[in-house]
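Use the sequences and the hints to build the structure in full.
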Amino acid sequence: MSDLNTFREETRAWLLEHCPESQRQPIVKSEQIWGGRNRKFPSADAQSWFEAMSDRGWTAPTWPTAYGGGGLSAEEAKILQQEMARLGCRPALYEIGIWMFGPALLAFGTEEQKLEHIPKIVRGEIRWAQGYSEPSAGSDLASLKTKAEDYGDHFLVNGTKIWTTNAQLADWIFCLVRTNPDAPKQQGISFLLIDMRTEGVSVSPIELISGESEFCQTFFDNVKVPKENLVGELNKGWDVAKELLKHERAMMSSMESMSEKEEFSLVDLAKQTLGVDAEDALNNAEVRTKIAALDMEMQAFAQLNERMFYQHKAKQSDPRLPLLLKHIGTKQLQRKDELLLEILGNKSLSWESPASSHTEHTVTRNWAFDKAHTIAGGTSEIQLNIIAKRALGMAS
Amino acid sequence: MSDLNTFREETRAWLLEHCPESQRQPIVKSEQIWGGRNRKFPSADAQSWFEAMSDRGWTAPTWPTAYGGGGLSAEEAKILQQEMARLGCRPALYEIGIWMFGPALLAFGTEEQKLEHIPKIVRGEIRWAQGYSEPSAGSDLASLKTKAEDYGDHFLVNGTKIWTTNAQLADWIFCLVRTNPDAPKQQGISFLLIDMRTEGVSVSPIELISGESEFCQTFFDNVKVPKENLVGELNKGWDVAKELLKHERAMMSSMESMSEKEEFSLVDLAKQTLGVDAEDALNNAEVRTKIAALDMEMQAFAQLNERMFYQHKAKQSDPRLPLLLKHIGTKQLQRKDELLLEILGNKSLSWESPASSHTEHTVTRNWAFDKAHTIAGGTSEIQLNIIAKRALGMAS
Amino acid sequence: MIFNEEQSMLQDTVRAFVQEHAPVADLRAVRADVNGPSYNLELWNQLVELGLPAVALPEQDGGLGFGYMGLLAVLLETGKTVMASPLVSSVAAATSLIQLAGTDDQKSLWLPRLTSGEITATVAVQEGRHYSLSAMQTQLVGGEIKGSKSMVMDLAEADLLIVIAKTAEGKLAAAVLESSKADFDAQRYCLMDGRKYSDLTFTQTSVAPGNILGEGADRTAEIEQALNIATIATAAEMVGGAESLIERTVQHLNDREQFDVKLATFQALQHRCAEMYCQLELVKSAVFSAFARLDRGKDIHKAASQVKALANDYYQHISNEAVQMHGGMGVTDELDVGLYLKRSRVCNQLFGDAAYHRERYAKALGV
Amino acid sequence: MIFNEEQSMLQDTVRAFVQEHAPVADLRAVRADVNGPSYNLELWNQLVELGLPAVALPEQDGGLGFGYMGLLAVLLETGKTVMASPLVSSVAAATSLIQLAGTDDQKSLWLPRLTSGEITATVAVQEGRHYSLSAMQTQLVGGEIKGSKSMVMDLAEADLLIVIAKTAEGKLAAAVLESSKADFDAQRYCLMDGRKYSDLTFTQTSVAPGNILGEGADRTAEIEQALNIATIATAAEMVGGAESLIERTVQHLNDREQFDVKLATFQALQHRCAEMYCQLELVKSAVFSAFARLDRGKDIHKAASQVKALANDYYQHISNEAVQMHGGMGVTDELDVGLYLKRSRVCNQLFGDAAYHRERYAKALGV
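Chains as they are written, first to last, in the working numbering: chain C, 8 to 403; chain G, 8 to 403; chain E, 375 to 741; chain Y, 375 to 741.
Keep in mind the hints are simulated off the structure, nothing from the lab. Nothing here was measured: the structure is a model prediction, and the numbers come from that model.
Label-pair ranges, simulated between beta-carbon atoms:
no. : chain 1 : residue 1 : chain 2 : residue 2 : range
1   : C       : Phe226    : E       : Val408    : 24 to 32 Å
2   : G       : Arg204    : Y       : Asn409    : 34 to 42 Å
3   : C       : Arg397    : G       : Asn242    : 37 to 45 Å
4   : G       : Asn165    : Y       : Leu424    : 46 to 54 Å
Cβ coordinates follow ideal geometry from the N, Cα and C atoms, glycine included.
Structural data, given as structure tokens:
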């Protein structure tokens, strides 16, 4: 029996022993475990499962054991993932420290920085936020204005970051700041770590059109940041950001499946709704056509993903195809939302009115929230630019 | 009674006397009278009506009598137009010399040039063609390459012009040519008149996707053009072209009504077609929606035109609205063509097969021909640029 | 097809008033007060002082004689700031119903109080999820109403409630109830446009014969006409909103720089804005045409469907584009664009969605 | 969902052959010869030598066993140059019909001659203006065919004509006629794609029992399956055409300068090309999925409608955009884009237009 087979069997046995039955049910958003000084566990089972995993470093399976990681090879990590999926084990920890920041710090951080921050990420003791976007920068990230001035042993940071997800819950934030105002855009930017408890840091939530808010604006008013919190070289923060960005896409897609947003099948909801109300059958010839048209395209999108999967398996991946996913997927999602609104009619016009059901509220809230999907993480306009240039080779 | 009222009565009487009954029927394309050395009249009535009009200079009512024009004031010309419309008199002469070139020559030509060319236009003796576009220039007219080199008493012209409408029938052509290759684009261009009989001029027809062709490509191979055929100053041809362009739009819209293209009502044709074939009623729920949707938009376009008319009457014209017409109108026309094709099904796939009727052939030919409408006379892309900048004031 | 001098002056007056006194912030205040009125009563009283409840009606009915084109001028302006008011529920819908379908006695009883602004009224017509006259179930038989109604506007503020129902013969009838005294169940709720709506249930609500418009005569045609008026009035408000959204979006793109150039210089955005502007002027022309037909006494059955279907689809498109072009800030509640977006979806459902009106229009075309 | 090694090699072979021997100019030659054959017979013979008529069928039926995915590989490539051939009429439609619906005797009578390329066959199914199986009127009762058929492909070149008709019980039946000997009226004509089609009238055409596929057994399901195969084969050709059009358009925009910059740098054009490319990869994925299902023996009723509706709409859009982006030259016959444009409209009508397939798909969804 090969080593990997041994590893698989041992892992399976270990998971069966340490993952309580309750932690092998599909997870709901409210039971996700996020890190942080003030973290809370939804249940004793959740805490014991988390601690078993983090003790082995399996919250970050491939990270070096020197920093508390699991030290697994890529093959072993894959087996761990497969076995967890097979048993239905919940992810032990949700953290952007795990998904994005940790890998970048491992690549660019000093030994001291790694020893200081990585173990706390693995053990979920510190929750990280991301400070990239600024109110006036939009898609042009490199035009950021938050500045960090050199004051000898520390930087003095002034400015503001927006879309800092759950910043009110975060302990630390990693930021892109301008350290050389005279250099061309991307060349005067550094990557800085800031403790949210530092004097001068404040957070205010952003209310979205959907009424929800997990986003914040974070303000820095004469915030002193020790020099040792600089990651990578001075004015070379863009390189760190690029490394981090590589992990963001992977995270975005895993977030999708993890966030467990309550979604509805277009066809199922249409059948329920159009079928029940006899009067609605009268004017749904057009709606019926729209349902068929959209469902066909959504199937084609699923088939595109499936085709990419088989290409990947055969090591014949077409590098152009991944460039299409975000634009197509988000546009379809918004079309589906609009069509569901049309089908639900006046019951889809609120996420709180007593005249509508939970399902109707959810459809409506999704509709509003999903407007952000064609903006966040690279606007559709940027995606189309990229497709034109990189997939089609159009001159720029 | 005012002078204008007198003029109206006299004009009406004169028209009644000189316009034969046969020339007061709606005109069909084959009976339009175009000028030219080889012009032919479709009937004796047509000839007598043409000669009566041209003798009075009323083929060009407002042009000075010194050059053979009618010498009418704007008010009188309007009355003539109204009375002709009231009696249903056919236009006496179709000529781009009348519509576009004459007005520009009157503004920029020398006395000799006017005396030479204007009377022949008024009397329909010379047919003019326009030589602007070039194969490699597209919408960027000013990048034209046809060159006219100075050889003392004459220019030597080499190059090619495309989309020269009916050039095979024209006697003369007015051209934009490059006389200074070193100047920035628009500043090295001159406006030149060329006799098509000159050695080195040749014409070849362009076949369109609709199988039709009234367009040509015209070639100039070492063509000697006397210096006196330069209109306006050397290298200032762009000014003449701009003057001419002002008259082009007016012509384009009057051409629309004059060209009498056989058009079909979407709704009428749909009723005939969908009603007759019982089997087609089965899958037309979607088509029915499309008909309603497009008809609504076509109505709105008619209402936009109507609103502009009333604004104009009240001297409250919104200058942004005319900028919209070409884009909206041509797009709707193409949508209508596509929908008619969809309705007619496999009977709409040819303009010559014995399996289809005259109506079906015409619909199909229109479909193909109308693809040119969003390209010719300013592409839709240029139109949208203009709307964004001039109507909406978007920065450029 | 265009405003006459009086109508233009009226538009100027209303524009000045709305821009100064009823900015979008006013709607936010209405929205925040979830148990409060559906519109700012004080602002409404000021509109009453301007005579707006009487604007459309002829002088013999106590109106100011601006014609419905006058009401159009008003709605285009209030739409620009998504101002909440009973202009659609009371002025366009209920007042037209009484004027068109009422007997002389009924008109003289109610119209003066409506045109003076002493009272307001609203209409209960929609049922279930989607507005559909042909699918209407509520019955008015033997002097009693039975059935349920959804999405009734401004009910708590209205003195009169006009219920549209079907007679035993399948004709339409309109019953005028005093909303505070009549016997029915009402559930009041906010929708995402920040305004208040009610769902009603009538188990056996009695109506006196004198409270049925026309007092027994068949008023189906008049009721349909009044609802068509309410339909195009809704569309008029939507056109005002769409116009304002395009202005705001162009302004944003002209102000905002990215990659060292103004966003407005990006050709893809220019073309999309130009397309939106084409849509705006198309639907605006259709709206002007419909109101002009109305004032000329012509039928507006087909026109109403044309106008509402176009307004629904175009405003939906324009509000989506406006949010997208405002970027990240476009999805925050801080910016006003989201309020237009939500109002557009509510308006979509008032007096018929686009599919309903396209179906009705296709029928009118005879296809 | 992707080609295996053999299928990829087959695609490479066909690509090399088509690009070298069957450029778009070949279709022009076919078109110019209005009374000539519907495709270049010499080129077809070369495809026969490559074994293409046998590509999809399993070895026990005389096929090469590439599966239908092999046929997909072929059609994507021939589609790229809008090559005229009987691949859809004979290989995808008629051969599948016999293989699926024929008795063992019928299969051994006809399949070897079809797979060897000795003969070709075609199918008469469409009637009137629009393809619709449910609306089919042609009857096969008492051994006689009565009815008419439209838009039959490649009839003059075909040795066998398979007529789809309804039985007295309303089931589908397929009758195999020797096209040169059978008694029916045919009107042959060119369509704008340059190929030849025929409209047929059957007054009382006799069919021997042995010439009815299945010889009396109900073959409705098999006939529908074969027609679904022809449907997705048509879509596969369309995807090849659309792919080539996008390449040509991008090439043109990269080559052509206007206002001193390459056309390809205009953002509005970039975005429109990017959208076209998204459409292409979506429909291509759907086509791969449908052929893969077919080879796995799964039902493709819904998949066929999905694929054909998407191919119709996308290719229509892409061909319109390609003409527009080629500017003035795009509307001349000199450029090839117009040939793709016209072929796309002909393909739209073959085996069902988009509205037909959306309707069929909606029914399959159960809405």
